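J.: What follows is each chain in one-letter form.
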Amino acid sequence: MAEAKPEKLLVDGRRLDGRRPDELRPLRIKAGILKRADGSAYIELGKNKILAAVYGPKEMHPRHLQQADVAVLRCRYNMAPFSVEERKRPGPDRRSMEISKVIREALEPVLFLHLYPRAVIDVFIEILQADAGTRTAGITAASVALADAGVPMRDLVAGISVGKVDGTVVLDLMKEEDQWGEADMPVAVMPRRKCITLLQMDGNFTPQEFRQALDLAFKGVEQIYEAQKEALKEKYLPSLEEGR
Amino acid sequence: MAEAKPEKLLVDGRRLDGRRPDELRPLRIKAGILKRADGSAYIELGKNKILAAVYGPKEMHPRHLQQADVAVLRCRYNMAPFSVEERKRPGPDRRSMEISKVIREALEPVLFLHLYPRAVIDVFIEILQADAGTRTAGITAASVALADAGVPMRDLVAGISVGKVDGTVVLDLMKEEDQWGEADMPVAVMPRRKCITLLQMDGNFTPQEFRQALDLAFKGVEQIYEAQKEALKEKYLPSLEEGR
Amino acid sequence: MAEAKPEKLLVDGRRLDGRRPDELRPLRIKAGILKRADGSAYIELGKNKILAAVYGPKEMHPRHLQQADVAVLRCRYNMAPFSVEERKRPGPDRRSMEISKVIREALEPVLFLHLYPRAVIDVFIEILQADAGTRTAGITAASVALADAGVPMRDLVAGISVGKVDGTVVLDLMKEEDQWGEADMPVAVMPRRKCITLLQMDGNFTPQEFRQALDLAFKGVEQIYEAQKEALKEKYLPSLEEGR
Amino acid sequence: MKELIASVKKEYLVDLAMQGKRVDGRALDQYREVSIERGVIGTAQGSALVKLGNTQVMVGVKLEKGEPFPDTPTSGILVVNAELLPLASPTFEPGPPNENAIELARVVDRTIRESQMIDLEKLCIKEGEEVWAVFIDIYVLDHDGNLIDASVLASVAALYDVKPPAVEGWTLPEFPLRAKPVAVTVVKLNGVMMVDAGLEEENTADVRLTISTLENGNICAMQKGGSGFFQREELEKAYELARKCGEELRKKL
Amino acid sequence: MKELIASVKKEYLVDLAMQGKRVDGRALDQYREVSIERGVIGTAQGSALVKLGNTQVMVGVKLEKGEPFPDTPTSGILVVNAELLPLASPTFEPGPPNENAIELARVVDRTIRESQMIDLEKLCIKEGEEVWAVFIDIYVLDHDGNLIDASVLASVAALYDVKPPAVEGWTLPEFPLRAKPVAVTVVKLNGVMMVDAGLEEENTADVRLTISTLENGNICAMQKGGSGFFQREELEKAYELARKCGEELRKKL
Amino acid sequence: MKELIASVKKEYLVDLAMQGKRVDGRALDQYREVSIERGVIGTAQGSALVKLGNTQVMVGVKLEKGEPFPDTPTSGILVVNAELLPLASPTFEPGPPNENAIELARVVDRTIRESQMIDLEKLCIKEGEEVWAVFIDIYVLDHDGNLIDASVLASVAALYDVKPPAVEGWTLPEFPLRAKPVAVTVVKLNGVMMVDAGLEEENTADVRLTISTLENGNICAMQKGGSGFFQREELEKAYELARKCGEELRKKL
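Chains as they are written, first to last, in the numbering used here: chain H, -6 to 237; chain W, -6 to 237; chain A, -6 to 237; chain C, -6 to 246; chain B, -6 to 246; chain R, -6 to 246.
Please keep in mind that the hints were generated in silico from the structure rather than gathered at the bench.
Facing chain C, according to a computed beta carbon distance under 7 Å, are these residues of chain W, among others: (1) 87; (2) 91; (3) 98; (4) 101; (5) 102; (6) 189; (7) 190; (8) 193; (9) 194.
Computed list of lysine-lysine pairs in PhoX-like fashion (alpha-carbon distance at most 20 Å, straight line): (10) H:81 / C:58; (11) C:230 / W:187; (12) B:244 / B:44; (13) W:40 / B:156; (14) B:244 / B:173; (15) C:44 / H:23; (16) A:187 / B:230; (17) H:187 / R:230; (18) B:44 / W:28; (19) B:44 / W:23; (20) R:244 / R:44; (21) H:40 / H:81; (22) R:44 / A:28; (23) A:226 / A:28; (24) R:173 / R:245; (25) A:81 / R:58; (26) A:212 / A:222; (27) R:230 / R:14; (28) C:173 / C:156; (29) C:3 / C:14; (30) R:44 / A:23; (31) H:28 / C:44; (32) W:81 / B:58.
Keep in mind the model is a prediction, meaning the values are calculated, not measured.
In this text, a Cβ means the ideal position worked out from N, Cα and C, and glycines have one as well.
All chains should be built: construct the whole structure from the sequences, respecting the hints.
T.: Okay, structure coming up:
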């Protein structure tokens, strides 16, 4: 299924799908779509289709995993076998274990874990269809799911990837750009406080490009934050209005 | 080792081994043949050679697996590496995990698990030589082993497979019939109460054939039940008579 | 990387590396070379490079593994992926699991495990470079590491391998002798009490050769014991002398 | 797959059942609202999202070239895998498939395989060397009861959603399908039989029987589950429910 | 493999041993009743069921074609696997082989391999490409002590039970065997050495030594086990027991 | 990788940091003593032992022939594996790599891979069939903080230690290397940024950022770790530290 690399990823300032360098792909977020989970969210970003669910805070079992003074946050990022071109064998691999860790560390800063000693909060992120940027889109969905579950938060977390293609710094890499581009930098941000809670990078950035990339990331995060708030409003406003 | 399919599985109303459609293979059951186990039984049905052993009721460890109001029944169906034509890799596979589950659910209805809160009863079934119908023969042996262990029971459980070969519903499929036949339906029954505790099927049955198959199964189970009682008598009668 | 077997392993009473049959390879032991471990030692014997570390006695977790009246000794013998010609896959295999067991049983006789009920002592042996005789050199290092950790001991344990090459019983097999020789017998001994705490053998020994091999082993162990004591002196004498 | 539910709730469900009623007002032989959405996953060759009430099951079908099994050198390969995702229920835990996930996958596998709905012989590329492998991945997203029926529905719908020209190396005119098996699971509450149990009904029942049928009413797979038992005549009744409800469900495929 | 036994029982066994006696009346150098049944499993190429008193070990031998190891391109393959089945003892648990099962398999492996009883060079079919693999599966059915000796006996008996013409593709006139190694395990109770320990003796002893010998009295494998130790002169004594009892056992093969 | 340390100790470290001081007298931008020993393992094609103060990391590089990945048929293979050996810390446990070991290996992998220091295209032997695989095994021997920087240093040093003629089948004039990436990890204690955290500093800090740079100051890999966060301007500062300290470290390679 390996496709050939296109000659250029950027033609006349337009990307393969017609976007400008600083443009997000089409974004859609929906809160609260699962019945059993305490909180849930669904996100589509370009061709990414991702489901996030939250259980807890609830008592941690088995007990020896409890922390006496704080709740434990557990995250599991997982790809469906059918989410990528070549079927992925079910179960965790090294990539998904690392991603689960950085996602957890991206969400921890906004949670008041000290409010729930001995408890656990579980965050599950399922990639149903993958098109680059799944970890950051997963964070975006997970923080909506946490809010939907009623878990108190300092701020939301919004994630986006920035990168470099054909020498230009661009926002929100799609699959082809991720595959053939020169750099990829996933970023997660607390949108109100402007704090960076996830930062990874591979490829080649000059210091100047690094700064540009951060600028773009902050710009993208603002739009994502709006979509997050919209999704929560969409779910809760009707019931709030009913309540009047 | 794959053998060619014979032209016919049924010639003049006789099967490959000379049996009529409603005939069992030669059956032999022996109770109490292991020293360490609390109860045990050995069964030969055709070329099947199967050993079953029971440990318990005993305290469940680790404790967090205990059930406060009931004993836990655990079953493990396992095939010896040398029990089949091509050596089987040791350890559980998906097939044996499913079979272990349906065997457990076939035995549970006859046990008084509420008598032993926090306890566990372990049933181990080892297939030493396999010739089709191992799960049902395993149930037959396991229920004798449970009786041998002195576990109180509402009834025994007797298992047998029925199927369809060359369009005819037949009792107790042998390996060739299982491989090339048109349907296989393992059944387990509480012989005195006529209750069905295991029922699986794959292949193709008309509703009428399904009914016929059930009739045959009940007929086969009666003979198996006699052999089960005989085996228990054989072990316990001598000591009972000594006791006089 | 398979090399051809040399025509002879013993020429004019000299071995491939010039040693006589009853000679050890160059030996160097150093105690206390790791900061975090409670005790540690490093050994070079020929081309073997081995690190041993000890943690404990400390409380055993999880608790259900505690023994009410005695400390548990755990040993883990492990080969680095780069320690052998062909890269070894990380993680335990059947060989290392067996070796870990016999090493534990070689060390247990010198420890006062009854002094530390509910505790655990962990011994880790890492083979950084392998050249035959790793299990016995590992025991030699481990017992120095135990002493370095301050664990009370009845005696040290010194290990060495003896074997047979070209019909002659020889001390301390090197890799080529292990590979092409006719017998290999790892031995571990409490040097002061002359008790044998590890004995394995494979190959072919006449009863007479077996006796000769034991003689050689006891002879080799004496030299190893001296090197062990030297290593401990080297580490502790300076501080003892300071203390005067 | 059992969850603890309050005994007072159980008693209420049993009482209702004895009167032929159910907690959500359905008839004993009535399914919850059935929704089948096809083509939901672009990276799969075929896909479907099935909802039975709040239960949601997604299935993706992937086609890949592979080696045939030595004993069936001219036959394609069918692999069915089920994941009880931890996001679907507080009782599902991460890790390799447990016995419930394995049973679910194997009952779906038997239903598909024994119905012969896929003409596996047509999926041979080169005898003994290369065949098409059909991977059916069942992804349980929200567990509100009756996963088997939902999984069979989603698997069959996803298979019928396969558009073969999209697969590299594909030469057949179409994906070779020839039947529409449907599974109907009947549970028993204190002797009362009902179909499409919701989660609480499922947890109150002590036994279930799944019967997979074909267009002509023939049975291609069965599976009893749970620690209870059936009387002979209850099996007849279960078959009637399976035939009748199966026909209804098949119309939606 | 240690089980807890009451300390009063242990003291009794030790007292008996000090007087040269054993709980079941045997002499210190005497085996329990030895029974060897061959050809018990039709699906195996060779098989045997060995009983040492109440200890029961079954071994099945399977022959299959396989690839040789790169460093021994002209040599057949020997694989020994041991399963301490949970039905054989309350202390055996389901799961992959633990260190006791692995040690058992490896001691049997070394005994068979180092005795050179199988002429592995004859099991080469095509150099570097195809050889016969010999799988020895040890199945412990009832554990009443001394599993090593029983397993070696059953393995050697099962190998001699192999009837090669029954194997597809086999061309040699016979299965190439040329020795009968026998393992004798000696345990030490408070300094007293005895063979064929029953379970309680085994659990009372703090150390054991297995010595595998050949027809000519040569040693082909040894293994010390347990947390105790041996004096030099005890090894001499152990060898004498192994030679003498080994000869007796070999007669039954 | 967090260990519990007494809160009074934490407070002391934070107080020091606020005054621009550290517990061992170093400056905030100062590494502990760096020692790099090459060629320590004869069975590896390249090896190095790196010490950062008491932290010790050994790396062995092995070259083996292997099959290329289908999507990069002309490219050699790079495999990085890290073992947090239980002898290196009371908090490391035996078993398969946990998330900390995997993260460590993957950050080293990205640094090596994205710097393009190994010319993988030159490691192709036969397109689509055979290429050289480069195995980098990171062996953490003593954990006193800052394992990432030590592991990158040891890996790069070990790669430069590779003497290709020693490898069977090798035909290139040399092992094709072309860059020296260096990782610098910055931790933040109550807003104060410092490099090369010792264990206690590491356990007191709530966040770290690793920046791997090339000779020209470009960045080839980054990784944030820990449950804290960074402000935008702190990233600028971290980059400056990475560039400056990276240059110093590179001189030792």
